[in-house]
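Q: Take a look at the letters that make up each chain.
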Amino acid sequence: MHETEQHDLSDDADYAASQHQESTSNLSCDSGQATDPTESEVVYSKENVAIHPSQYASERISGRLRIVKQGSSSFLSWIPYKAASNAADSLGRSLNSSVSDKDINLYTIKAVSLSDICSIRRHIPTLGWQYIIVVLSSGLAYPPLFFYNGGVREFLATLRHHVFIVRSADDTNVFLLNDFQDPLQKSLSSLELPGVIPVAKGASLHNSSDPGSSIVDSVRVNSVTSSGTSSVSGYRGRLKQKSHDPAHDLSIQVLEKFSLVTKFAREATSQIIREFQDTHELLYEKKQKNSAALPSVTISQPDVKPNGTQRKEDLVETPDMLEFDKPSLVWGKQRQPPLTHEEWETLVDSEGRVMDSKDLRKRIFYGGVEHNLRKEVWKFLLGFYEYDSTYAEREYLESMRKSEYETIKSQWKSISEVQAKRFTKFRERRGLIEKDVVRTDRSIPYYEGDDNLHVTALHDILLTYSFYNFDLGYCQGMSDLLSPILFVMRDESEAFWSFVALMERLGPNFNRDQNGMHSQLFALSKLVELLDHPLHNYFRQADCLNYFFCFRWILIQFKREFEYDKVMHLWEVLWTHYLSEHFHLYICVAVLKRHRMKIMGEQMDFDTLLKFINELSGEINLDAVLRDAEALCVCAGESGAACIPPGTPPSLPLDLDAGLYAQQDDEVL
Amino acid sequence: MSYAYLFKYIIIGDTGVGKSCLLLQFTDKRFQPVHDLTIGVEFGARMITIDNKPIKLQIWDTAGQESFRSITRSYYRGAAGALLVYDITRRETFNHLASWLEDARQHANANMTIMLIGNKCDLAHRRAVSTEEGQQFAKEHGLIFMEASAKTAQNVEEAFINTAATIYKKIQDGVFDVSNESYGIKVGYGGIPGPAGGRDGSSSQAGGCCS
Chain A
1 MHETEQHDLS
11 DDADYAASQH
21 QESTSNLSCD
31 SGQATDPTES
41 EVVYSKENVA
51 IHPSQYASER
61 ISGRLRIVKQ
71 GSSSFLSWIP
81 YKAASNAADS
91 LGRSLNSSVS
101 DKDINLYTIK
111 AVSLSDICSI
121 RRHIPTLGWQ
131 YIIVVLSSGL
141 AYPPLFFYNG
151 GVREFLATLR
161 HHVFIVRSAD
171 DTNVFLLNDF
181 QDPLQKSLSS
191 LELPGVIPVA
201 KGASLHNSSD
211 PGSSIVDSVR
221 VNSVTSSGTS
231 SVSGYRGRLK
241 QKSHDPAHDL
251 SIQVLEKFSL
261 VTKFAREATS
271 QIIREFQDTH
281 ELLYEKKQKN
291 SAALPSVTIS
301 QPDVKPNGTQ
311 RKEDLVETPD
321 MLEFDKPSLV
331 WGKQRQPPLT
341 HEEWETLVDS
351 EGRVMDSKDL
361 RKRIFYGGVE
371 HNLRKEVWKF
381 LLGFYEYDST
391 YAEREYLESM
401 RKSEYETIKS
411 QWKSISEVQA
421 KRFTKFRERR
431 GLIEKDVVRT
441 DRSIPYYEGD
451 DNLHVTALHD
461 ILLTYSFYNF
471 DLGYCQGMSD
481 LLSPILFVMR
491 DESEAFWSFV
501 ALMERLGPNF
511 NRDQNGMHSQ
521 LFALSKLVEL
531 LDHPLHNYFR
541 QADCLNYFFC
551 FRWILIQFKR
561 EFEYDKVMHL
571 WEVLWTHYLS
581 EHFHLYICVA
591 VLKRHRMKIM
601 GEQMDFDTLL
611 KFINELSGEI
621 NLDAVLRDAE
631 ALCVCAGESG
641 AACIPPGTPP
651 SLPLDLDAGL
661 YAQQDDEVL
Chain B
670 MSYAYLFKYI
680 IIGDTGVGKS
690 CLLLQFTDKR
700 FQPVHDLTIG
710 VEFGARMITI
720 DNKPIKLQIW
730 DTAGQESFRS
740 ITRSYYRGAA
750 GALLVYDITR
760 RETFNHLASW
770 LEDARQHANA
780 NMTIMLIGNK
790 CDLAHRRAVS
800 TEEGQQFAKE
810 HGLIFMEASA
820 KTAQNVEEAF
830 INTAATIYKK
840 IQDGVFDVSN
850 ESYGIKVGYG
860 GIPGPAGGRD
870 GSSSQAGGCC
880 S
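From first to last, the protein sequence lines are chains A and B.
So the first sequence is residues 1 to 669, counted in the numbering used here.
So the second sequence is residues 670 to 880, counted in the numbering used here.
Errors might be hidden in some of the hints.
Calculated from the model, a selection of chain A residues having no Cβ within reach of chain B, i.e. all distances over 12 Å [claimed, not checked]: (1) 354; (2) 367; (3) 387.
No farther apart than 20 Å at their CA atoms in a straight line, the calculated lysine to any residue pairs in the SDA-like style are these [said to hold, decoys possible]: (4) A:611 x B:696; (5) B:820 x A:438; (6) A:421 x B:759; (7) A:358 x A:388; (8) A:69 x A:168; (9) A:611 x B:715; (10) B:855 x A:607; (11) A:413 x A:388; (12) A:611 x B:725; (13) B:838 x B:720; (14) A:566 x A:388.
Just so you know, these hints were derived from the structure itself, not from any lab.
In this text, a Cβ means the ideal position worked out from N, Cα and C, and glycines have one as well.
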């Protein structure tokens, strides 16, 4: 079957972003450079392969999955159908129109070379939809692709003809591509015989140090050169259609500035590092003198209160291309003192209902909560309490939950040693938890000393949770998340249910296939691309686009990066979901931006960067970073939100009924 | 501090076998039974001397839990040495060695030197894996082997230093191209390998003093 991508694109041109067209059409039309322009064969095509952008099963973007062979290389693409056909499902019901063009663009998988794919994990549940997760050599993973009409096996069978595939020894549902461990394959590939797909060493999303052929090369080069400008113009085009929102205009200008910054930053990096190191005060004064060249974000935030040290205009000022490079500047609003008991009393009515939950969340976002008030307020933030519940309702809920907790706890408590002997999974889980709780925050007085009852409580809660959510079980990192919660609640049952509420959102961080982590790292890479293009380019060039160096930050919400009381403060700010559910990602960007000159100036490679980021632990100024992140979040506006695929943790998971944690044919601990 | 070479090490093995304790014993010469479990990776470093040359060991201490393997695999890149650790009192940690080894072989460079360590040998009364079994496994897979105790410090120095000596010998034998950093070796300013070694002694000492 011969069919060109160009033909296919006429179908999609309505919504495909310019870069998609550009790179995809290069695939077939770059006849000037291609060695073999005539061959472009669709070797596999599957309709109704969909991505779920949100937790609603009804909201999905359907498209066509293809493998296209060109010369000696093959490419995988997933192109969504045009918006109109996505607005109705297979039964003709009209669907929620919130699946917007931007979502569709975000998910489009441009022609990705099969040699850039590291592995494919398949999920073939007996009930429910089959899907695959494609992981690139760079470590990035695409969101799950659901095969609505089945056919994952057929897809893999076809793939097998075009790329070297082996089944992972660790996990029968994982297929490794380009894994030339077999010496025969290795020597075959070194001979570069036709039909043998070359292994791309250290390949990343856009470029590879070892391109397989000149076709691949030209496609990649083109996508690299175009991405800088076309992504900006793509956002501009989209934004211009919207109504006049100052924040949008601002975003446009910021984006334009960022595109200018690229060249500048490269040339000036080393020089600036020399000149501006340790001159924080000096820089700050300079900034104060500079008048804002662009409108201030405060326009969209009429409620910004002026404070003693800064004029209103300076609170959130549009970063000028020079300004944003300076590590010492603080952008967001001045932080407020924590919410007090007296203030809290004024926010609830006589029966205990929170009168304005948004107002409360905003108050906490900017100031946090006094420690002795945390026990009560955290339960609202985590979702254990409803904001509009009364004192009486909450008391009732607590008592119900208490007995429920005891019931679940008794399930493992009643397992005798004889029974445990024949229950390996239980023994393994219990063993892991036992080992980990004695290695969790033991330097905090609450958990220190031998035979500490609070350590026992950590153990019991975690083991009970692993029965409450048996599919997810226990994973390292959970004890880090539980520790401050128990410390605040000082009650086993309350801590358990608060932890359960937190895990509703953060559970995917601990999924065995790491999909929750990958989707956040993916979103982070998109955000950095938007908010700091030069840094993004640097990471790409340094083969650091997998963002693994931010792994610990995201997995346990910066728990290891700050002192205990700061962690509690940060968490309550994050849990407000006030500006964004994904504020933690903006914090990542803020921290990276503060050190961007050092990272780029010293040309850090993956190892050096990982070590550097690790050693930032204890060195990050929380208040400053929160303010930076706030400003970045406001600046990024909708473009920022569009970088984060809906359903990315800590958003509620995609489809609660689909059994997200269900592990097919897996050994789960 | 200046060095003739920098070697990257990675410590791998099941959770709770004592990877972090071995590192701490080696870098700080102390045993800390109460420490936080490792999430992701932690780093340590120490200078040693081999053949009168200052060598810096940069050690990556990784998280052991199965779930993090996909992340851990990205740390192998460019490691010159690996300490593969099991706990002599827990049989399952020994049983998992093959899968760790497979990971190491697959994701590290082929010339990486691997030292197998049976840790917690101070707990002889709870031993579940015999010394002979450890030796046998090492022999079958071409590893160096030692039993050690992070608690008593027995063989900890030796494990790290013997690994370095093996790597050093490979450099002398020309197994590595030291200018290629993917082997996990960096050449420092304190010494020049090969025939130019004549000026090593004085320059490395001078380098050591001034930093």
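Q: Can you give the numbers of the hints that this structure goes against, from lowest to highest?
A: 8, 11, 14
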